[in-house]
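> One-letter residues, chain by chain:
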Amino acid sequence: MEHTEERIVKILEKLIASSHAPQGQYSAKATYPILRKKIFGRHLIFVRRSLAAAATIGVLCVMAWWGYQSFYATQTISVYAQSNIRNISLPDGTRITLNRYSSITYPKKFKEQREVSLNGEAYFEVEHDSRHPFVVKTSTIKVEDLGTRFNISAYQQSPTITTALIEGSVNVIDNIHRRNILLKPGETALYNKKSQQLSQQTADRISDDIAWRSGSFVFEHCSISEVAERLSNSFNVTIKITDKTLSDYHINAKFCHKEDLKTILDVLQQAGYFNYQLTNNQILLYKRTNSK
Amino acid sequence: MTDTEVRKLLRQMKNDDSQRAFHRFYDLTYDRLFRIAYYFCKREEWAQEIVLDVFMNLWNQRITLPEIKNIEDYCFVLTKNAALNYISKESKYTNNEQETVIESADTSCSPEELFISEELFAIYVKALDRLPQRCREVFIHVREEKKSYDQTAKELDITVNTVSVQLQKAENKLKELIRKFYDR
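Listed in order, the protein sequences are those of chains A and B.
Be aware that the first sequence starts at 149, since it is given in the working numbering, and climbs by one per residue.
Be aware that the second sequence starts at 963, since it is given in the working numbering, and climbs by one per residue.
Here chain A stands alone, though its shape is the one from the complex:
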């Protein structure tokens, strides 16, 4: 049968009339919060703060219950750092410096083991007590102190967890595969969450790892992607690199005067490393073109 333009147009009109796009309160954006609550509820959010990889919903419900029980059973204290670094003293005399947007949770009363949980980055000066080992738990690894000073970087959104030992001795333990590394001063253990590999490195720049304590940023032969990650963690902003080729470009830079994010980005832009743009609450890094 021949279909004239007129008929086709009529059919198209019928198609258009048969349905329409969601708008207003029925739009995708407006509807998502309802969906999220329906599927994930509140328990899952609680659990995601303390687990790296989520299992099935069944297991999560159990964990949420366990967490809930734990809280009431042992009276834990949580300390959160926002845009400022925080110093804390634990009841046992241990001193902790919490980096920005990091948190530490510990029980009001320590048990046999002095256990604290970390999300983010912190520097520890542990009061040594051989009868009560001090243990820092992150999502997948724990660090057992055997004496004094170390730094752990365990941001949830980072693909790795870094432990740097300054003084004394610590044991870094991988919970999943039951492996451990005993660190000596100057050594760093790196845990890759994806490959689940625990490896050791001699840190020739340990002082740079803890430069953050004085509000400094030290980038020594750092790739732009690492720079973006560290700035993103410290200032709690999303930083995206738009040009893939930019990610592997390495730079050297030092910021020792508690500069804010804008200043740091401006300086790096001036130096010709990249162009940046702030849009929609995120920062985009572009390759620098020489067309100007």
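Treat the hints as calculated values from the structure; they're not laboratory data.
Ideal Cβ positions, reconstructed from N, Cα and C, are used throughout, including at glycine.
It is possible that some hints are incorrect.
Unchecked claim - Here are the simulated lysine-lysine pairs, DSS-like style, with alpha carbons at most 27 Å apart: (1) K162(A) / K1108(B); (2) K341(A) / K970(B); (3) K177(A) / K1004(B); (4) K392(A) / K970(B); (5) K976(B) / K185(A); (6) K1042(B) / K162(A); (7) K1004(B) / K158(A); (8) K976(B) / K177(A); (9) K185(A) / K1004(B); (10) K1004(B) / K162(A); (11) K976(B) / K388(A); (12) K186(A) / K976(B); (13) K1109(B) / K158(A); (14) K1109(B) / K186(A); (15) K388(A) / K970(B).
Unchecked claim - Now the stretches of chain B that chain A is said to cover, found in silico as 3 or more residues with beta-carbon under 8 Å: (16) 983 to 992; (17) 998 to 1004; (18) 1007 to 1016; (19) 1037 to 1051.
What the hints assert, rightly or not - With beta-carbon atoms standing in for the labels, derived distance ranges: (20) I236(A) / L1046(B): 55 to 63 Å; (21) H398(A) / N1043(B): 53 to 61 Å; (22) L409(A) / D978(B): 45 to 53 Å; (23) Q418(A) / T1026(B): 48 to 56 Å.
Given the coordinates of chain A, work out where chain B should sit on it, guided by the hints.
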């Protein structure tokens, strides 16, 4: 939505239980499923509820999703079934008779031609989804929401000329599709 991107998201949902991937998948798929649900039930509140249930099912079945050959068609069927179920439940309370045949007073065309088969509608929805974003937005503003070229140009921050060009592009593609459908 590109097929490879969707496949990647489904894998992340399965392997990492990634809520972020699910949210992204939701953003890519919601409008199309809403459209389908609305086609069957003709009510916005119902369509929203139906689509919410479908997404909940998709999340619960996330382990099996990456293996499905054609996820678009699968979602269509899920949504259709959910919609028909919903309607049959609701009709127990509201006594609504569901119009599935769109009738026309125009007698110059035979009834068969004006009956929008579900198959054609499915193809239409897929094609709409595949239009370039700007093109689809213009089509929806002008033809669905019945806005003027001027208003559309203002809301999408483009020139009236662009509106005209994009609209033409969309309509040509869709008309081509209809022609192909009836000529098969």
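> All hints, please: hold or fail.
Hints, one by one, checked against the model:
For a cut-off of 27 Å, the pair hint linking K162(A) to K1108(B) stands: about 14 Å separates their Cα positions. For the suggested pair K341(A) and K970(B), the alpha carbons sit about 19 Å apart, so the restraint of at most 27 Å is met. Restraint check: the Cα-Cα separation between K177(A) and K1004(B) comes to about 21 Å, which is no more than 27 Å; the hinted pair holds. With a C-alpha separation of about 19 Å, the suggested pairing of K392(A) with K970(B) holds against the 27 Å cut-off.
Between K976(B) and K185(A) the alpha-carbon distance is near 20 Å, which keeps this suggested pair within the 27 Å criterion. The suggested pairing of K1042(B) with K162(A) holds, with an alpha-carbon distance near 19 Å, which does not exceed 27 Å. A hinted pair counts as satisfied when its Cα atoms are at most 27 Å apart, and K1004(B) with K158(A) qualifies at roughly 20 Å. Taking the CA atoms of K976(B) and K177(A), the gap is about 23 Å. The hint holds against a cut of 27 Å.
About 26 Å separates the Cα atoms of K185(A) and K1004(B), which keeps this hinted pair within 27 Å; it holds. As the CA atoms of K1004(B) and K162(A) are separated by approximately 14 Å, the hinted pair is consistent with the 27 Å bound. For a cut-off of 27 Å, the pair hint linking K976(B) to K388(A) stands: about 25 Å separates their Cα positions. As the CA atoms of K186(A) and K976(B) are separated by approximately 19 Å, the hinted pair is consistent with the 27 Å bound.
Our distance criterion of 27 Å between C-alpha atoms is met by K1109(B) and K158(A), whose separation comes to about 19 Å. About 35 Å separates the Cα atoms of K1109(B) and K186(A), which puts this hinted pair outside 27 Å; it is violated. Restraint check: the Cα-Cα separation between K388(A) and K970(B) comes to about 20 Å, which is no more than 27 Å; the hinted pair holds. Chain A is given as covering the stretch 983 to 992 of chain B, and this holds because 4 residues of the stretch bring a CB closer than 8 Å to a CB of that chain, at least three being needed.
For the stretch 998 to 1004 of chain B, the stated coverage by chain A is satisfied: 3 residues place a CB nearer than 8 Å to a CB of that chain, which reaches the threshold of 3. With a threshold of 8 Å between beta carbons, the proposed coverage of the stretch 1007 to 1016 of chain B by chain A holds, since 5 of its residues qualify and at least three are required. For the stretch 1037 to 1051 of chain B, the stated coverage by chain A is violated: 0 residues have a C-beta nearer than 8 Å to a C-beta of that chain, whereas at least 3 were required. In this structure the hint that I236(A) and L1046(B) lie 55 to 63 Å apart at CB holds, the actual value being about 59 Å.
The hinted window of 53 to 61 Å between H398(A) and N1043(B) holds, with their beta carbons roughly 55 Å apart. Range check, L409(A) to D978(B): Cβ separation about 29 Å, and the 45 to 53 Å hint is violated. Against the hinted window of 48 to 56 Å, the Cβ-Cβ separation of Q418(A) and T1026(B) comes to about 53 Å, which satisfies the hint.
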